[in-house]
Every structure is written in C-alpha cells, then in structure tokens.
Amino acid sequence: MRSRALLWLALCLLPALAVAQAIQPLPFRNRAEEVRFQKLSAELRCPMCQNETLADSNAPIAHDLRRQVFEMIQAGKSDEEIKAFLVARYSQFVLYKPPVEPSTWLLWFGPAVLLVAGGIVVAIQVRRRARQAPASAPANDTEDDW
Amino acid sequence: MSRLLPLFAFLVLVGLFGFGIWWNTRHDQHEIVSPLIDKPAPAFALPVLGEPSRTVDKASLLGKPYFLNVFASWCIECVHEHPILMTEMKQLGLPLVGFNYKDDPQAATAWLADHGNPFDVIVADRDGRTGIDFGVYAAPETFLVDAKGVIRYKRIGPITPEVLDTEIRPAVAALAKEAP
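Residue numbers (full-length UniProt numbering), protein chains in the order written: chain A, 1 to 146; chain B, 1 to 180.
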C-alpha cells in the first residue's frame with residue numbers, strides 16, 4: 001500500500017521534473033534583466049513547434065534560441081535588435097506580434113474592415129426597412145422577407 | 001440585389017475556405033520560407049568532422065556551387081533521406097558539404113560508417129550556433145549555395161525523389177545556365 005502511494009507521488013512529480021529541465025537557470029544579473037528576458041521570450045515563437053513561445057517550448061532549437069536571446073541581452077542589445085536578428089534568420093514567423101506594414105495590413109486591419117463593412121450593410125438594411133414599414137400593411141408580417 | 005448579398009458573402013467564405021484547403025495540401029505547414037534565399041550565406045568557420053584542427057570556412061568554398069546538407073546521427077528523417085544523397089544527389093556533380101548539426105562527433109562518424117558517406121567534406125556545428133545563422137531549426141535541411149556564396153534554394157525536410165525532380169534539378173539547371 002505504501003509503495004503504491006510512493007509510486008503515485010513519483011508519477012505526480014514527473015511533470016514537475018520535465019518543467020525543471022525545460023527551464024534552465026540562466027545567470028541573470030538582476031531581476032529586471034530576468035523579467036525582460038521572460039517578456040521577450042514570450043513574444044517570440046519557436047520556429048519548430050509552430051504554436052509555442054520560445055519561453056514555453058522544450059524543443060532543442062527553442063533552447064538554443066533562448067540562449068541566443070540571453071546572450072544578446074547580456075551583450076547589451078536592444079529588444080528590437082534581438083528581434084531583427086531572429087527575423088533575419090527565421091523570418092517574421094518568429095514574431096507573435098508582426099509589425100504593421102503593407103504585407104500585414106490585412107492581418108491587422110482585416111477584422112476591423114469586415115466589422116465596419118458588416119455594420120454598414122446592417123445599417124442600410126435597417127434604414128430601408130424602417131422606410132418601407134409604414135407603407136406596408138401590418139398584416140403582411142407573416143411574409144418571409146429579409 | 002440586397003437579397004443576394006448573403007449568398008455572395010457565403011460564396012466568398014466558400015472560396016476562402018477552399019483556398020485554405022488547396023493551400024494546405026500543397027504546403028507543409030511546418031515549413032518556414034527562409035528569408036536567406038537570394039542572400040549571401042552567413043560567414044562561418046567550422047572544424048571538419050573528425051579533424052578538429054582543420055577548419056572550413058565560407059571563403060574556401062567559393063567559386064563553385066555546392067549543396068550544404070544539414071544532418072545528424074540523431075535525426076530520424078536523415079536516415080530516410082540518406083540513400084538519395086548517396087545516389088542522385090552525388091550524380092548532380094556538385095560538391096556535397098555535410099553540416100553535422102548538434103551531434104556527437106563519434107556518433108556522427110559511426111552513423112556515416114553504417115550508412116555510407118556521401119559528403120565531400122563535413123563540417124561540425126556542435127553547439128548549433130552556426131546553424132542559427134543559417135536559420136536551421138531541424139534536420140535534415142539542404143541549402144544550394146552558388147559560386148558567389150549566395151543561398152539560392154533551401155529544402156526543409158528530407159529530399160524525396162519528387163523534390164529532387166521538381167525543385168532541386170531545376171535549381172541546379174538555373175545555376176548552370178548562369179555560369180559561362
């Protein structure tokens with residue numbers, strides 16, 4: 001009975017072990033630097049694992065790129081420089097927040113444009129119906145007219 | 001007209017989803033188009049596998065187009081790709097430079113002894129730093145670098161007979177056309 005409990009405990013701790021391996025302690029100089037590193041690696045996407053951030057991913061390339069980011073921070077590079085470095089090698093795919101530029105306009109403004117277009121269509125329909133409503137007899141409302 | 005509007009909206013959505021399906025059947029979603037294509041290959045200087053005292057750098061490979069094939073003994077797909085490197089790729093007449101990526105030199109040497117060595121020279125990138133400069137994120141990957149050191153083509157994933165015929169042969173032919 002007791003050994004089974006121990007086994008369960010060991011099994012429960014396994015995921016914790018995996019996490020402990022994924023996040024290797026990096027020798028940060030201070031808390032601010034660590035916060036900056038965490039923020040930056042959460043904004044960058046692991047090239048291999050598609051939808052994981054560099055911070056989350058356990059892939060070898062994510063580990064290497066985390067080290068690269070860390071070293072560039074240590075070397076005094078700005079966030080922009082670090083992002084530019086990675087984009088030059090892995091394309092904008094690595095950015096979770098792509099820059100606003102002609103090739104990403106659709107991505108940034110598409111939803112808003114669709115929303116506005118839909119709103120205009122609805123407004124036109126409502127207005128037209130409001131104009132037609134007094135003219136048509138109230139008995140007509142069984143007609144399926146949209 | 002306004003009665004037809006929902007139908008138009010529906011057809012636009014059908015078109016969009018249809019395009020999505022069409023696109024996905026033709027593209028590997030795991031493939032990131034390299035921003036390095038048509039740009040100079042990054043400068044590198046790496047030790048030769050098995051001869052750590054000898055280094056090969058980018059400059060020493062200039063003058064003739066070559067393939068740079070990223071491989072490792074831990075890479076499963078590399079085993080599947082390997083036969084085509086040994087045969088068709090070698091027959092293309094361009095040097096095959098092996099890029100041993102994040103590998104143990106002994107494991108890599110043993111792997112080559114087991115499977116055969118298709119490479120003219122092999123450089124070892126043990127810590128993967130040069131790999132980052134090349135935008136490598138997995139193995140196998142294959143670059144075609146021209147005589148001026150410009151990356152002209154990149155294959156992510158194993159070279160298959162289909163990729164060889166539809167992508168690699170045309171890329172090599174395009175290079176041959178340029179050279180006098």
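Simulated from the structure, these hints should not be mistaken for lab results.
C-beta: ideal position from N, C-alpha, C; glycine also.
Among the clues, some could well be false.
One-sided excerpt, in silico: chain B residues whose CB lies under 10 Å from chain A [unchecked claim]: (1) Leu36; (2) Pro105; (3) Ala138.
*Under the criterion of a CB-CB separation shorter than 10 Å, is Leu36 (chain B) in contact with chain A as hinted?*
holds (7 Å)
*asked:* Can you verify the interface hint for Pro105 (chain B): is its Cβ closer than 10 Å to any Cβ in chain A?
replied: Cβ of Pro105 (chain B) sits 18 Å from chain A, so the hint is violated.
*Status of the Ala138 (chain B) interface restraint (C-beta, 10 Å, chain A)*: holds (5 Å)
The structure is inconsistent with hint 2 alone, although it conforms to all the rest.
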